[in-house]
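Novice: Just add 2 to wherever you are in the sequence shown, counting from 1, and you've got our numbering.
Think of the hints as simulated: they come from the structure by calculation, not from any bench.
Glycine included, every Cβ here is placed at the ideal spot set by N, Cα and C.
Keep in mind that the hints are not guaranteed to be accurate.
Said to hold, decoys possible - Cβ-Cβ distance ranges computed for the label pairs, FRET-style:
no. : residue 1 : residue 2 : range
1   : 143       : 301       : 52 to 58 angstroms
2   : 87        : 283       : 45 to 51 angstroms
3   : 317       : 257       : 37 to 43 angstroms
4   : 302       : 186       : 49 to 55 angstroms
5   : 354       : 293       : 29 to 35 angstroms
6   : 136       : 185       : 49 to 55 angstroms
7   : 251       : 231       : 36 to 42 angstroms
8   : 152       : 253       : 19 to 25 angstroms
9   : 185       : 276       : 38 to 44 angstroms
10  : 293       : 335       : 52 to 58 angstroms
11  : 323       : 274       : 23 to 29 angstroms
12  : 40        : 87        : 26 to 32 angstroms
13  : 136       : 276       : 33 to 39 angstroms
To be verified - The list that follows gives simulated cross-link-like pairs (lysine to any residue, SDA-like), each with its CA atoms no further than 25 angstroms apart:
no. : residue 1 : residue 2
14  : 179       : 237
15  : 179       : 91
16  : 179       : 103
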Amino acid sequence: MGRDFCGHIFAVNSSCCKFAPMIEMDEQFMRRALQLARQGAGHTSPNPMVGAVIVHGGRIIGEGFHRRYGQAHAEVNAVRQVADRSLLPESTIYVTLEPCAHQGKTPPCAQMLVDCGIGRVVVGMVDPFEQVAGRGVSLLRQAGVEVTVGVLERECSALNERFVAAHTRRLPWVQLKWAQTADGYIALPAQAQENPLHISSPVTLRLMHRERAVADAIVVGARTVAIDNPSLITRLWPGGNPLRVVLDRQLSMPADARVLTDGAPTVVYNGVRSEERGPVQWVCLDTADPRAWLRDLYARGVTSVMVEGGTQVLRQLLEAGVWDEARIEVAPRRVGCGVAAPQWPQGSVVLTRKIGENTLFRLRNHVKKV
Numbered sequence: 003m004g005r006d007f008c009g010h011i012f013a014v015n016s017s018c019c020k021f022a023p024m025i026e027m028d029e030q031f032m033r034r035a036l037q038l039a040r041q042g043a044g045h046t047s048p049n050p051m052v053g054a055v056i057v058h059g060g061r062i063i064g065e066g067f068h069r070r071y072g073q074a075h076a077e078v079n080a081v082r083q084v085a086d087r088s089l090l091p092e093s094t095i096y097v098t099l100e101p102c103a104h105q106g107k108t109p110p111c112a113q114m115l116v117d118c119g120i121g122r123v124v125v126g127m128v129d130p131f132e133q134v135a136g137r138g139v140s141l142l143r144q145a146g147v148e149v150t151v152g153v154l155e156r157e158c159s160a161l162n163e164r165f166v167a168a169h170t171r172r173l174p175w176v177q178l179k180w181a182q183t184a185d186g187y188i189a190l191p192a193q194a195q196e197n198p199l200h201i202s203s204p205v206t207l208r209l210m211h212r213e214r215a216v217a218d219a220i221v222v223g224a225r226t227v228a229i230d231n232p233s234l235i236t237r238l239w240p241g242g243n244p245l246r247v248v249l250d251r252q253l254s255m256p257a258d259a260r261v262l263t264d265g266a267p268t269v270v271y272n273g274v275r276s277e278e279r280g281p282v283q284w285v286c287l288d289t290a291d292p293r294a295w296l297r298d299l300y301a302r303g304v305t306s307v308m309v310e311g312g313t314q315v316l317r318q319l320l321e322a323g324v325w326d327e328a329r330i331e332v333a334p335r336r337v338g339c340g341v342a343a344p345q346w347p348q349g350s351v352v353l354t355r356k357i358g359e360n361t362l363f364r365l366r367n368h369v370k371k372v
């Protein structure tokens with residue numbers, strides 16, 4: 003029996019390890035690496051979640067995961083757990099994503115594995131990020147290290163779905179979010195907006211803030227800022243705050259809006275000027291096509307965005323077909339008139355969940371246009 007260095011016991015069936023085919027052993031330990039990787043959820047972006055397990059003679063002798071962006075990668079943490087480094091040449095490391103081969107916030111992990119003399123490397127999937135993209139595997143093989151690629155590839159890809167999608171097509175993963183009444187309204191008429199329409203419940207609001215915490219950026223339109231004056235932070239869930247993005251073609255939002263004055267980073271995409279003032283940056287784009295600001299966000303390292311409205315912004319993305327997921331909360335109440343919700347997306351419903359009186363729907367777009 004080996005010990006999970008995060009405080010749990012991880013049992014390994016020795017007879018299975020001795021007699022089962024190699025692929026079964028590889029999958030067993032890769033599943034453990036996936037478990038570890040998930041512990042970094044909400045803390046690693048724009049890096050992916052990664053887990054690593056080092057095995058010698060069927061026993062785990064070291065394991066780790068990428069805990070936080072800018073800190074040590076999973077492979078480094080796993081090697082640090084190994085008490086007897088002389089075992090490494092006869093050991094296998096299982097890592098959910100190809101070890102990096104470039105100098106970023108941390109040194110390249112592929113070279114570190116070569117330097118420490120690891121005998122075999124099992125990789126869940128090749129890293130789609132252009133600075134890696136097979137270079138880590140090549141470096142290891144050129145150094146004489148045995149490398150196996152593609153063990154539980156589907157599961158490893160699903161773990162970092164947003165990261166993989168973003169770097170494959172060079173556009174961030176786009177999640178649309180809104181709440182509406184049963185008769186299709188997201189807000190009361192303008193003359194009645196001194197009494198806001200509260201659709202989401204306390205529970206669904208907390209869930210929404212959890213999703214904010216794993217997004218790299220949160221996007222709203224100028225009208226939403228003018229009416230709601232939101233702070234766009236994750237106050238109801240622990241974790242970092244996403245980059246705030248406002249779409250304001252005419253620079254019409256109030257100068258004293260929270261997103262401009264509270265000291266947190268904000269990008270304002272507009273059609274008037276480019277300027278930087280403290281943590282706020284105005285970026286002038288010559289088109290209102292959402293792909294323009296999405297490409298700029300990707301260039302800034304943003305791999306996922308949550309779009310919270312308003313209706314016009316949501317409709318632009320729906321019409322352009324540049325969305326991946328829609329999170330729609332429907333309340334049973336009816337108001338008869340008001341601001342209409344966007345048309346229901348043409349996508350497949352992958353989740354329906356009843357939360358109190360409200361129902362949460364999650365849809366996927368399988369024909370995204372790049």
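Novice: Decide, hint by hint, whether the structure agrees.
Specialist: Do the hints match the structure? See the list:
no., hint, in the structure
1, 143 x 301: 52 to 58 angstroms, "violated (32 angstroms)"
2, 87 x 283: 45 to 51 angstroms, "holds (47 angstroms)"
3, 317 x 257: 37 to 43 angstroms, "violated (27 angstroms)"
4, 302 x 186: 49 to 55 angstroms, "violated (35 angstroms)"
5, 354 x 293: 29 to 35 angstroms, "holds (30 angstroms)"
6, 136 x 185: 49 to 55 angstroms, "holds (52 angstroms)"
7, 251 x 231: 36 to 42 angstroms, "violated (19 angstroms)"
8, 152 x 253: 19 to 25 angstroms, "violated (50 angstroms)"
9, 185 x 276: 38 to 44 angstroms, "holds (42 angstroms)"
10, 293 x 335: 52 to 58 angstroms, "violated (36 angstroms)"
11, 323 x 274: 23 to 29 angstroms, "holds (27 angstroms)"
12, 40 x 87: 26 to 32 angstroms, "holds (28 angstroms)"
13, 136 x 276: 33 to 39 angstroms, "holds (37 angstroms)"
14, 179 x 237, "holds (18 angstroms)"
15, 179 x 91, "violated (50 angstroms)"
16, 179 x 103, "violated (37 angstroms)"
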